[in-house]
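K.L.:
Sequence:
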Amino acid sequence: MSIKSDSWIKKMAKEENMISPFEPDQIKTLSGGKVISYGTSSYGYDVRCSSMFKVFTNINSAIVDPKQFDKNSFVDFEGDTCIIPPNSFALASTVEYFKIPRSVLTICLGKSTYARCGIIVNVTPLEPEWEGHVTLEFSNTTPLPAKIYANEGVAQMLFFESDTICETSYKDRGGKYQKQTGVTLPK
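When you line the sequence shown up against the working numbering, it's residues 379 to 565, in that order.
Take the hints with a grain of salt, since some may be wrong.
To be verified - When the alpha-carbon atoms are kept at most 27 Å apart in a straight line, the in silico DSS-like pairs for lysine-lysine are as follows: (1) Lys392 to Lys549; (2) Lys389 to Lys406; (3) Lys557 to Lys389; (4) Lys557 to Lys382; (5) Lys549 to Lys445; (6) Lys392 to Lys525; (7) Lys477 to Lys489; (8) Lys388 to Lys565; (9) Lys406 to Lys392; (10) Lys382 to Lys477; (11) Lys412 to Lys557; (12) Lys557 to Lys489; (13) Lys406 to Lys525; (14) Lys392 to Lys382; (15) Lys406 to Lys388; (16) Lys525 to Lys412; (17) Lys565 to Lys554; (18) Lys389 to Lys477; (19) Lys449 to Lys565; (20) Lys445 to Lys554; (21) Lys406 to Lys477; (22) Lys392 to Lys445; (23) Lys382 to Lys489; (24) Lys549 to Lys565; (25) Lys449 to Lys554; (26) Lys412 to Lys449; (27) Lys557 to Lys445; (28) Lys389 to Lys489; (29) Lys554 to Lys525; (30) Lys489 to Lys412; (31) Lys525 to Lys449; (32) Lys477 to Lys565; (33) Lys389 to Lys565.
What the hints assert, rightly or not - Label pairs and their calculated CB-CB ranges: (34) Asn500 to Gly457: 13 to 23 Å; (35) Cys544 to Ser429: 31 to 41 Å; (36) Gly410 to Val442: 35 to 45 Å; (37) Gln446 to Pro503: 18 to 28 Å; (38) Thr435 to Thr502: 20 to 30 Å; (39) Trp386 to Val501: 35 to 45 Å; (40) Ile485 to Arg551: 11 to 21 Å.
Keep in mind that the hints were calculated from the coordinates and are not lab data. We treat Cβ as the ideally placed atom computed from N, Cα and C, and that holds for glycine.
Can you build the whole structure from these sequences, using the hints too?
P.N.:
Written as structure tokens, this is what we have:
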């Protein structure tokens, strides 16, 4: 298994539509303003989050249960920024839609800009032949409100290609999050 470089990522985005929309360069400014970088990096791809957020709330005092998740535990919010309450979290989806090749495992890691502020992006794999918008979870580990910026870099995807093709892919298993769009709650 080997980690893939920027040239491989660009080739796969162009030939296989692996990432859409795709930014072949590392974008650090827009219209003269500074942004948290996104796009192709040396050995990965920095994704953006959309402007649709689900912010966790304890208003209803529900129990957090991944088998019977109460959608009323979230407040929907749309905007260029999202404020996450202290010691809470928010969900958002990537702007980018992914189509992971059968021989590739992709790992999502948080960007250090956010990590240095106590905002953690949950690490998650994108399995071979998984397809969809990635639902991202941002944990605010601080005792203060924390801000997330929509349409700017929030996490990095690293692509690992195997020397052999997997026997059973996510698509073969009929994975429950296949072809998800927008923020997808636990199923």
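K.L.:
Looking back at the hints listed earlier, which ones does the structure fail to meet?
P.N.:
6, 8, 11, 22, 26, 29, 33, 39
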